[in-house]
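*Asks:* Sequence:
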Amino acid sequence: MEYIDILHNLKKGIYHPIYLLQGEEAYFIDQISDYIEDKVLSDAEKGFNQTIFYGKDSDPITIAEASMRFPMMSDKQVIIVKEAQSLSKIDTLLSYAEKPLASTILVLAYKYKNLDSRTKLAKAIKKNGVLFTSKKLYENKIPGWIDSYLKSHNYTITPQAALLLTSYLGTDLSKIANELNKLVIAVKDTNKITPDHIEKNIGLSKEFNILELQNALGEKNVLKANRIINYFGANSTLNPIQKTVAGLYFYFSKLFTYHFIKNKSERNVAAELRVHPFFVKDYVSAAKRYSPTKLYEIMGILRDYDMKSKGFNVSTMVETGELQKEMIYKILH
Numbered sequence: 001m002e003y004i005d006i007l008h009n010l011k012k013g014i015y016h017p018i019y020l021l022q023g024e025e026a027y028f029i030d031q032i033s034d035y036i037e038d039k040v041l042s043d044a045e046k047g048f049n050q051t052i053f054y055g056k057d058s059d060p061i062t063i064a065e066a067s068m069r070f071p072m073m074s075d076k077q078v079i080i081v082k083e084a085q086s087l088s089k090i091d092t093l094l095s096y097a098e099k100p101l102a103s104t105i106l107v108l109a110y111k112y113k114n115l116d117s118r119t120k121l122a123k124a125i126k127k128n129g130v131l132f133t134s135k136k137l138y139e140n141k142i143p144g145w146i147d148s149y150l151k152s153h154n155y156t157i158t159p160q161a162a163l164l165l166t167s168y169l170g171t172d173l174s175k176i177a178n179e180l181n182k183l184v185i186a187v188k189d190t191n192k193i194t195p196d197h198i199e200k201n202i203g204l205s206k207e208f209n210i211l212e213l214q215n216a217l218g219e220k221n222v223l224k225a226n227r228i229i230n231y232f233g234a235n236s237t238l239n240p241i242q243k244t245v246a247g248l249y250f251y252f253s254k255l256f257t258y259h260f261i262k263n264k265s266e267r268n269v270a271a272e273l274r275v276h277p278f279f280v281k282d283y284v285s286a287a288k289r290y291s292p293t294k295l296y297e298i299m300g301i302l303r304d305y306d307m308k309s310k311g312f313n314v315s316t317m318v319e320t321g322e323l324q325k326e327m328i329y330k331i332l333h
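Taken in order, the sequence shown gives residues 1 to 333; the numbers are from the UniProt record's numbering.
These aren't lab readings, by the way, just hints derived from the structure by calculation.
It is possible that part of the hints are untrue.
[Said to hold, decoys possible] Now the in silico label distances, taken between C-beta atoms and shown as ranges: (1) Lys126 <-> Leu223: 42 to 50 Å; (2) Ala44 <-> Glu272: 49 to 57 Å; (3) Lys89 <-> Phe278: 45 to 53 Å; (4) Asn9 <-> Ser117: 36 to 44 Å.
[To be verified] Listed below are the simulated EDC-like cross-link pairs for lysine to aspartate or glutamate, each with C-alpha atoms no more than 20 Å apart in a straight line: (5) Lys76 <-> Glu98; (6) Lys113 <-> Asp30; (7) Lys224 <-> Asp189; (8) Lys56 <-> Glu83; (9) Lys136 <-> Asp172; (10) Lys325 <-> Asp304; (11) Lys12 <-> Asp75; (12) Lys243 <-> Glu83; (13) Lys330 <-> Asp306; (14) Lys135 <-> Asp172; (15) Lys151 <-> Asp5; (16) Lys262 <-> Asp282; (17) Lys175 <-> Asp30; (18) Lys206 <-> Asp196; (19) Lys224 <-> Glu98; (20) Lys111 <-> Asp172; (21) Lys288 <-> Asp304; (22) Lys192 <-> Glu219; (23) Lys126 <-> Glu139; (24) Lys56 <-> Glu45; (25) Lys120 <-> Glu98; (26) Lys99 <-> Asp75; (27) Lys111 <-> Asp196; (28) Lys243 <-> Asp147; (29) Lys141 <-> Asp282; (30) Lys136 <-> Asp30; (31) Lys89 <-> Asp59; (32) Lys111 <-> Glu199; (33) Lys135 <-> Glu2; (34) Lys330 <-> Asp304.
Even glycine gets a Cβ: it sits at the ideal position worked out from N, Cα and C.
Construct all of the structure, not just a fragment, from the sequences and the given hints.
*Replies:* Below, the structure is given as structure tokens:
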């Protein structure tokens, strides 16, 4: 069952006796677990019928015994096991999972890893309840997720702003959601978020960032590229060389891939490169300026400076800002 389906059913009052919420992406696990904790029971019912356990401080037998109790003055009781991945001998829950009590909602928040699907416990939970695996989103999926999240709050965002946030915040959905919530509160003059709003409220420069550096290099705009890399050097804490190298490798590898795509329609290129269709024209334009041979050379340059950023084949006296300038010079010439 997918995340959105689970939440939809919960909001309709469709409950299952046992939930195993597992996987690398904690955000979706927290959202489901928090909804059950906050919304299933009324405040009056929670006093007698809601229990929170923590995996490292609990044991399966105690949890099973609590789950087998009948609710008091309520149709349901809620048992939530946070940090269930730390629960010792979790397979001991098998007997309960095979015959869970219908009046109990047992939630196992099993973060950052998965229970082996071949185990009897996993199979029992899947048969009698819900087994949800929360997967990390790849970076190319984050702008779309940002767009969907804001739409659920009656806001929209420009593709440039969504990509800018992604480059700055990475793939941590909890962190991204937190920043988006701040933006929604701060932006009052419109319901459309732009790079200007991000610069004003988050502090990320709309002119001096990895995306603008990519654009400058794609256009072979030497002046603009140098201005940005000089800014990075002067603000190395916010713009470390490792982050620059990773962002440029990601960008130039896509340009390299573009040259070998047979069907160069906008839709197919967007799918192959895993980018928003809005940006396809920029990749097409940049690919015309860089041959596959040059791109192969650039990726070698980036690997070389990745090693130098870690202290290999470079004097310890060289500042990372100077390394970044040198790297950009070699890419452009």
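*Asks:* All the hints need checking, so say for each whether the structure fits it.
*Replies:* Hints, verified against the model:
At roughly 59 Å, the beta carbons of lysine 126 and leucine 223 sit outside the given window of 42 to 50 Å. The hinted window of 49 to 57 Å between alanine 44 and glutamate 272 holds, with their beta carbons roughly 56 Å apart. At roughly 51 Å, the beta carbons of lysine 89 and phenylalanine 278 sit within the given window of 45 to 53 Å. Separated by about 22 Å at the C-beta atoms, asparagine 9 and serine 117 break the suggested range of 36 to 44 Å.
For the hint linking lysine 76 to glutamate 98, the alpha-carbon distance of about 19 Å falls within 20 Å, and the restraint holds. With a C-alpha separation of about 14 Å, the suggested pair lysine 113 and aspartate 30 falls inside the 20 Å cut-off, and the hint holds. For the hint linking lysine 224 to aspartate 189, the alpha-carbon distance of about 31 Å lies beyond 20 Å, and the restraint is violated. About 7 Å separates the Cα atoms of lysine 56 and glutamate 83, which keeps this hinted pair within 20 Å; it holds.
This hinted pair checks out: lysine 136 and aspartate 172 have alpha carbons roughly 9 Å apart, not beyond 20 Å. Distance restraint check for lysine 325 and aspartate 304: the Cα-Cα separation of roughly 14 Å lies within the 20 Å cut-off, and the hinted pair is therefore satisfied. A hinted pair counts as satisfied when its Cα atoms are at most 20 Å apart, and lysine 12 with aspartate 75 qualifies at roughly 16 Å. Proximity of lysine 243 to glutamate 83 is assessed by CA-CA distance (about 31 Å); at most 20 Å being required, the pair is judged violated.
In summary, the hint linking lysine 330 to aspartate 306 is supported, as the alpha carbons are separated by about 14 Å, within the 20 Å threshold. Note on lysine 135 and aspartate 172: the hinted pairing holds, with a Cα-Cα distance of about 12 Å set against a maximum of 20 Å. The suggested pairing of lysine 151 with aspartate 5 holds, with an alpha-carbon distance near 18 Å, which does not exceed 20 Å. Proximity of lysine 262 to aspartate 282 is assessed by CA-CA distance (about 18 Å); at most 20 Å being required, the pair is judged to hold.
In summary, the hint linking lysine 175 to aspartate 30 is supported, as the alpha carbons are separated by about 13 Å, within the 20 Å threshold. As the CA atoms of lysine 206 and aspartate 196 are separated by approximately 7 Å, the hinted pair is consistent with the 20 Å bound. For the given pair, lysine 224 sits about 64 Å from glutamate 98 by alpha-carbon distance, which is inconsistent with the 20 Å threshold. Taken as a hint, the lysine 111 and aspartate 172 pair is honoured in the structure, with Cα atoms around 14 Å apart against an allowance of 20 Å.
With a C-alpha separation of about 25 Å, the suggested pairing of lysine 288 with aspartate 304 is violated against the 20 Å cut-off. Pair hint lysine 192 plus glutamate 219 does not hold up; C-alpha atoms about 28 Å apart against a cutoff of 20 Å. Taking the CA atoms of lysine 126 and glutamate 139, the gap is about 30 Å. The hint is violated against a cut of 20 Å. With a C-alpha separation of about 27 Å, the suggested pair lysine 56 and glutamate 45 falls outside the 20 Å cut-off, and the hint is violated.
In summary, the hint linking lysine 120 to glutamate 98 is supported, as the alpha carbons are separated by about 9 Å, within the 20 Å threshold. Between lysine 99 and aspartate 75 the CA atoms are separated by roughly 18 Å; this keeps the pair inside 20 Å, and the hint holds. This hinted pair does not check out: lysine 111 and aspartate 196 have alpha carbons roughly 36 Å apart, beyond 20 Å. Annotation: proposed proximity of lysine 243 to aspartate 147 is violated, straight-line Cα distance about 24 Å (limit 20 Å).
Proposed proximity of lysine 141 and aspartate 282 is supported: the alpha carbons are some 19 Å apart, at most 20 Å. Between the alpha carbons of lysine 136 and aspartate 30 the distance comes to roughly 14 Å, so the proposed pair stays at or under 20 Å and holds. The suggested pairing of lysine 89 with aspartate 59 holds, with an alpha-carbon distance near 8 Å, which does not exceed 20 Å. Simply put, lysine 111 and glutamate 199 have alpha-carbon atoms about 33 Å apart, too far for the 20 Å limit, and the pair is violated.
Distance hint between lysine 135 and glutamate 2 is fulfilled; the C-alpha atoms sit about 11 Å from each other, no more than 20 Å. Simply put, lysine 330 and aspartate 304 have alpha-carbon atoms about 11 Å apart, close enough for the 20 Å limit, and the pair holds.
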